[in-house]
Amino acid sequence: MAAVPSPADTRKLLLACQRGEPNAWDRFVRQYSKLVYSVANRYRLPEADIEDIHQSVFLAAIKHLEQLRQSDRVVAWLVTTTHRECWRVGRREQRTLDLEGDFADVDEPVSSVIADQEERQLVREEFTSLSQRCQQLLTRLFEPGAGNRPDYQRLATQLNMAIGSIGPTRARCLGKLAELLRARGMERIPDAREFD
Amino acid sequence: MTDHNHSPTIPDPTPRSVEAFIARVGEVVRERSAPESVLAHAIALSRSLPQPLSWLDRATAMVATLVRQDAFPAVALSRSGATPRHLAFAAGAVNVELEVDPISDVQCEIHGQVGGVHLGGGAVALLRPESFIPVVCGAMDDRGYFRMMVAPGDYEIAIQLPSTTVLLPVCHVP
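Those protein sequence lines, which keep their order, are chains A and B.
If you're matching positions, the first sequence starts at 1 in my numbering and goes up one per residue.
If you're matching positions, the second sequence starts at 1 in my numbering and goes up one per residue.
Hint data in this document are derived by calculation from the structure and do not stem from the laboratory.
A portion of the hints provided could be inaccurate.
What the simulated footprint calls covered on chain A by chain B, stretch by stretch (three residues with Cβ under 8 Å from a Cβ of chain B suffice, anywhere in the stretch; the number is not a length) [to be verified]:
id: 1; segment: 9-21
id: 2; segment: 25-38
id: 3; segment: 56-69
id: 4; segment: 178-191
Some chain A residues close to chain B (C-beta under 8 Å, calculated; not the full set) [what the hints assert, rightly or not]:
id: 5; residue: Asn41
id: 6; residue: Glu51
id: 7; residue: Leu138
id: 8; residue: Thr139
id: 9; residue: Phe142
id: 10; residue: Glu143
id: 11; residue: Phe195
Predicted, not measured: the structure shown is a model, and the values here were computed from it.
Even for Gly, the Cβ is constructed at its ideal location relative to N, Cα and C.
All chains, please: the whole structure from these sequences, using the hints.
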């Protein structure tokens, strides 16, 4: 069974939204925006459509805040809502959607897609828990085009690090991320020492 | 929700390889973010959020205690089949009597009477438990009487009096 974000934390955030607490809705949108984009991108829709879908999904979320607060499956709700919006947009524009075999059901995404997004959401959230240094390093290491052999010399210059410290810092950051994800219940995490 | 995985999944306890873990992290790090303008549009939706009750402070509100609950025969036949109830609450010198009368499967009528204090009118609000957003708002008359229509569900009732606020515990409205 895939791990899911802490329901209690999400309920607190949704309650804060309902209470009108400053920046609560802002935090909710920023926390789940990438999830919506990640799901919508699977359909390879035009950028303008994806932006509209993003707005529609959060409009639906704000209308159903109470339902979301009572539910333990916020990620599943967002994935399903985004999926349905993509289908609606695709039908409206009479596009043949490239479903990649994972969205065979018109009404619902398959459960493995939801499980995948639940795991991705854990990684998204815990990535932001890393130090700024780790986030910068890992973002540079994984950026598109970096490939399997990133240019450590360039990284050292960009990040103002000694070139010899990049490898150990990378290992430390990945190990820390692994620890955080294991604490959140993500399954099958390598031991932190394996990143050394 | 339809589950297309017809075979039960047996969890694999084997840790994934470091390479597989790194690949997963890389996928997520490389995900596209919404442009700031798109985020700003979504964040601006908060203007459409219902406004919380300005007069309800849960920290200082007097929390009432249910002191009596009776079922009573409906004057009119209730299509919902649920039994009307009479509830009595107390909070210090304030007492509140409620009649909860199911009208139909989707609507219930609540009659309330606040006593024990000098009134002069006030406000009443039904809220979902723990919420600050009212589902229904109304007013008491000078004698402390109020009446509201609401869908079935669980509610707290907040009562604004001249000198205090009273919060009734969660009531189930059938």
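Could you check if A:Glu143 really has its C-beta closer than 8 Å to a C-beta on chain B? holds (7 Å)
Please verify that hint: A:Leu138, Cβ, nearest Cβ of chain B, below 8 Å or not. holds (6 Å)
Are A:Phe142 and chain B close enough, Cβ to Cβ, to be under 8 Å, as the hint says? Given a least distance of 4 Å, the restraint on A:Phe142 holds.
According to a criterion of three or more residues whose C-beta lies within less than 8 Å of a C-beta of chain B, is the segment 9-21 of chain A covered? Contact hint for the segment 9-21 of chain A vs chain B: holds, 5 residues under 8 Å.
Less than 8 Å between beta-carbons is the criterion; does A:Phe195 satisfy it with respect to chain B? holds (6 Å)
8 Å C-beta test of the segment 56-69 of chain A against chain B, three or more residues: Since 5 is at least three, the answer is holds.
Taking 8 Å as the Cβ threshold, is the statement that the segment 178-191 of chain A is covered by chain B upheld or broken by the three-residue rule? holds (count 6)
Coverage of the segment 25-38 of chain A by chain B (three or more Cβ within 8 Å): holds (count 9)
Would the stated hint for A:Thr139 survive a check requiring a Cβ distance to chain B of less than 8 Å? holds (6 Å)
Closer than 8 Å between Cβ atoms is the bar; does A:Asn41 clear it against chain B? Give me holds or violated. Holds: closest Cβ of chain B sits about 7 Å from A:Asn41, inside 8 Å.
Return the status of the interface hint for A:Glu51: holds when the least beta-carbon distance to chain B is below 8 Å, violated otherwise. holds (5 Å)
Going through the hint list in order, the structure satisfies each hint without exception.
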